[in-house]
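Trainee: Listed here are the chains, written in short residue letters.
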Amino acid sequence: MVNKIWAFFILCGVIFCIFTGKLDILNEEILLSADTAFSMILKIFPVMALWLGIMKIAEDSGLLKKLSKQISKILKYLFPEIPKNHESLSYIASNVICNMFGLGNAATPFGLKAMQSLQKLNDKKDTASKSMITFLVLNTSGLTIIPTTILSLRILYKSTNPTAIVLPCLIATFVSTAVGLFFNYLFSRRH
Amino acid sequence: METISNLIIPCMVLFVVFYGILKKTEVYDSFVEGAKESFPMILTMFPSMLAMVFGINLLMKSGFLEFLLSFLNPFLQFLRIPIEIVTLAIMRPISGSSSLALLNTILATFHPDSFVGNLASIIQGSTDTTFYVLTLYFGSIGIKKIRYSLFAGLLADLAGILAAFIVAHFFFAP
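Chains A and B, in that order, are what the protein sequence lines are. Counting from 1, position 172 in the first sequence corresponds to residue 172 in my numbering; the numbering is continuous, with no gaps. One gets my numbering by counting positions in the second sequence from 1 and adding 191 to each.
This is chain A alone, in the form it adopts within the complex (with noise of 0.2 Å):
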C-alpha cells in the first residue's frame, strides 16, 4: 500500500511538472527535500529524548504499571469477552497508556503481545474475533495525551503558543476513540 502511494506522489508530481514547465522548481525540490527532511527529524529529536527520559522515571518508579493496572479495571468492561484475569488485558492496558503519552514506539511491542494472546482465546484463526477488533479500534483512534512530534514542529517553526494544541488535541481524540467504540458496539452486535 504505501510502496504505490509513494510511487504515485512522485510519478505524479514530476510528470506535472514536466508538463506544467516548472522544472526550476522540481530541481530544487528534488535536492532541498533532503534537508527539510533532515531539520526535521533534528528538531523531533530533542524533545523526543526529553520526554522518553521523563518517561523512563515513570516507568522505573512503577507508575505506568499503576496506571496499567487502573485501566485494566475500565478495560474489563469493553472486553466482556476476555477471561476475569487473562494476561491480554494487562497487555492492551500497557498498550494504551503507551500510546496516550507519546511512546509509539514503545506501544507496539504491547500491541503485537496482546494480539497473540487475543489469537489463544479467538477460535478461528484467519478471523478477526470481537476483542481484536475493539482493540484495533482503541489503538487506531490515537489517544494521546502528549503529541510529542507536532510539538517539535510547531516549535521548529516558530509557534509563539507551541503547546496550545494540547487541549483541543485531548478532545479530538478522546471524541474519535468514543465515536469508534460506539461504532464498534454496533457493528459488533449486528454480526
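By construction, these hints were calculated from the structure, which means they are not laboratory data. What you are looking at is a predicted structure, and each value in this text was computed from that prediction instead of being measured. Virtual Cβ for every residue (Gly too), placed ideally from N, Cα, C. Do not rely on the hints blindly, as some may be mistaken.
In silico negatives: residues of chain B with every beta carbon more than 10 Å from chain A [as the list claims (entries may be wrong)]:
#, residue
1, M243
2, L260
3, S261
4, F262
5, L263
6, N264
7, L267
8, Q268
9, F269
10, I272
11, P273
12, K336
13, A364
Computed cross-link-like contacts, EDC-like style, restricted to lysine to aspartate or glutamate with a CA-CA straight-line distance of at most 20 Å [as the list claims (entries may be wrong)]:
#, chain 1, residue 1, chain 2, residue 2
14, A, K66, A, E81
15, A, K43, B, E193
16, A, K84, A, D123
17, B, K335, A, D123
18, A, K125, A, D60
19, B, K215, A, D60
20, A, K113, A, E81
21, A, K66, B, E217
22, A, K43, B, E217
23, B, K252, A, D35
24, B, K336, A, D126
Got chain A sorted already, so can you dock chain B onto it with the hints?
Mentor: Chain B only, in chain A's frame:
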C-alpha cells in the same frame, strides 16, 4: 482555556518526578537512560521521513493536487477549508510519516499559530494511522478476514477529523 493547555505538560512532568522521588527511584539516572533510547528511534525514523518528505514535497510543489482538487474548490472556499487540510485528512489514516511530512509543509507555508496551522496540528494529533496498525497487528497473527474493523477504524478517524474542525473553530476562531 489556553492556560489549561499550557498546564498539562508541566503538571505531568511535576507529577512523574515527584512520584519517582516518593518511590525512591534514581530519577536522574532513569531520565538519562530513557533519553538514550531516542537515538535508535530517530535513526529508524529518518529514512522513512526522508522518503515521505521527498514524495509529499514533489507532489505538493508540482501543483498536481491543486489541479485535481480545483473542481472541489468552490465548495472548499465556501467552507473556508484550504486544500492542504483536505489532503492531510485523507492521508492521516493511510500513513503516519506522510501525514507528518504534510503537516511539516503546512506549518512551513502557513504559520503554526495561524488557524490552518493550528487545525492541521489538531488533525494530526487526533487520530492514528488506521491502515498501518491494521496491517501490522493483524498481519502478525495471520488474520485474513478483518470483518468490520477497517470500517470502524475509519469512522473513528472521520469523527476525529470532524471533531478537530469543531474544536479548532472553538479555540482558534479564524
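Trainee: Each hint should be assessed against the structure and marked as holding or not.
Mentor: Outcome of the hint check:
With a cut of 10 Å on Cβ distances, M243 (chain B) falls inside the contact zone with chain A, its closest approach being about 7 Å. For L260 (chain B), the shortest C-beta to C-beta distance to chain A comes to about 13 Å, beyond the 10 Å cut-off, and the non-interface label holds. With 10 Å as the threshold on Cβ separation, the claim that S261 (chain B) sits away from chain A holds: the shortest Cβ distance comes to roughly 13 Å. Chain A leaves F262 (chain B) outside its interface by the beta-carbon criterion, the shortest separation being 16 Å against a cut-off of 10 Å.
With a least CB separation of 17 Å from chain A, L263 (chain B) remains clear of the 10 Å interface cut-off, as annotated. Every C-beta of chain A lies more than 10 Å from that of N264 (chain B), the closest at about 17 Å, which supports listing it as non-interface. Distance to chain A confirms L267 (chain B) as a non-interface residue, since its nearest Cβ pair spans about 20 Å, more than 10 Å. Its beta-carbon lying about 22 Å from the closest one in chain A, Q268 (chain B) satisfies the requirement of being farther than 10 Å from that chain.
The Cβ of F269 (chain B) lies farther than 10 Å from every Cβ of chain A, with a closest approach of about 23 Å, so its non-interface assignment holds. Look at I272 (chain B): its CB is around 16 Å from the nearest CB on chain A, clear of 10 Å, so calling it non-interface holds up. A cut-off of 10 Å between C-beta atoms confirms that P273 (chain B) is not in contact with chain A; the least separation is 16 Å. With a least beta-carbon separation of about 4 Å from chain A, K336 (chain B) fails to lie farther than 10 Å from that chain, contradicting its non-interface assignment.
Against chain A, the non-interface label of A364 (chain B) holds: every CB pair exceeds 10 Å, the least being about 12 Å. For the proposed pair K66 (chain A) and E81 (chain A), the alpha carbon gap of about 24 Å is over 20 Å, so the pair is violated. The hinted pair formed by K43 (chain A) and E193 (chain B) fails the criterion: a straight-line CA distance of about 24 Å is larger than 20 Å. Restraint check: the Cα-Cα separation between K84 (chain A) and D123 (chain A) comes to about 18 Å, which is no more than 20 Å; the hinted pair holds.
Under the criterion of a C-alpha separation no larger than 20 Å, the hint pairing K335 (chain B) with D123 (chain A) is consistent with the structure, at around 14 Å. Distance restraint check for K125 (chain A) and D60 (chain A): the Cα-Cα separation of roughly 37 Å exceeds the 20 Å cut-off, and the hinted pair is therefore not satisfied. Between K215 (chain B) and D60 (chain A) the alpha-carbon distance is near 10 Å, which keeps this suggested pair within the 20 Å criterion. Using a Cα cut-off of 20 Å, the hinted pair K113 (chain A) and E81 (chain A) holds, with the two alpha carbons roughly 18 Å apart.
The straight-line distance between the Cα atoms of K66 (chain A) and E217 (chain B) is roughly 18 Å, inside the 20 Å bound, and the hint therefore holds. With a C-alpha separation of about 28 Å, the suggested pair K43 (chain A) and E217 (chain B) falls outside the 20 Å cut-off, and the hint is violated. For the hint pairing K252 (chain B) with D35 (chain A), the CA-to-CA distance comes to about 16 Å; that is within 20 Å, so the pair holds. Simply put, K336 (chain B) and D126 (chain A) have alpha-carbon atoms about 6 Å apart, close enough for the 20 Å limit, and the pair holds.
The structure fails to meet hints 1, 12, 14, 15, 18 and 22 from the earlier list, while all remaining hints are met.
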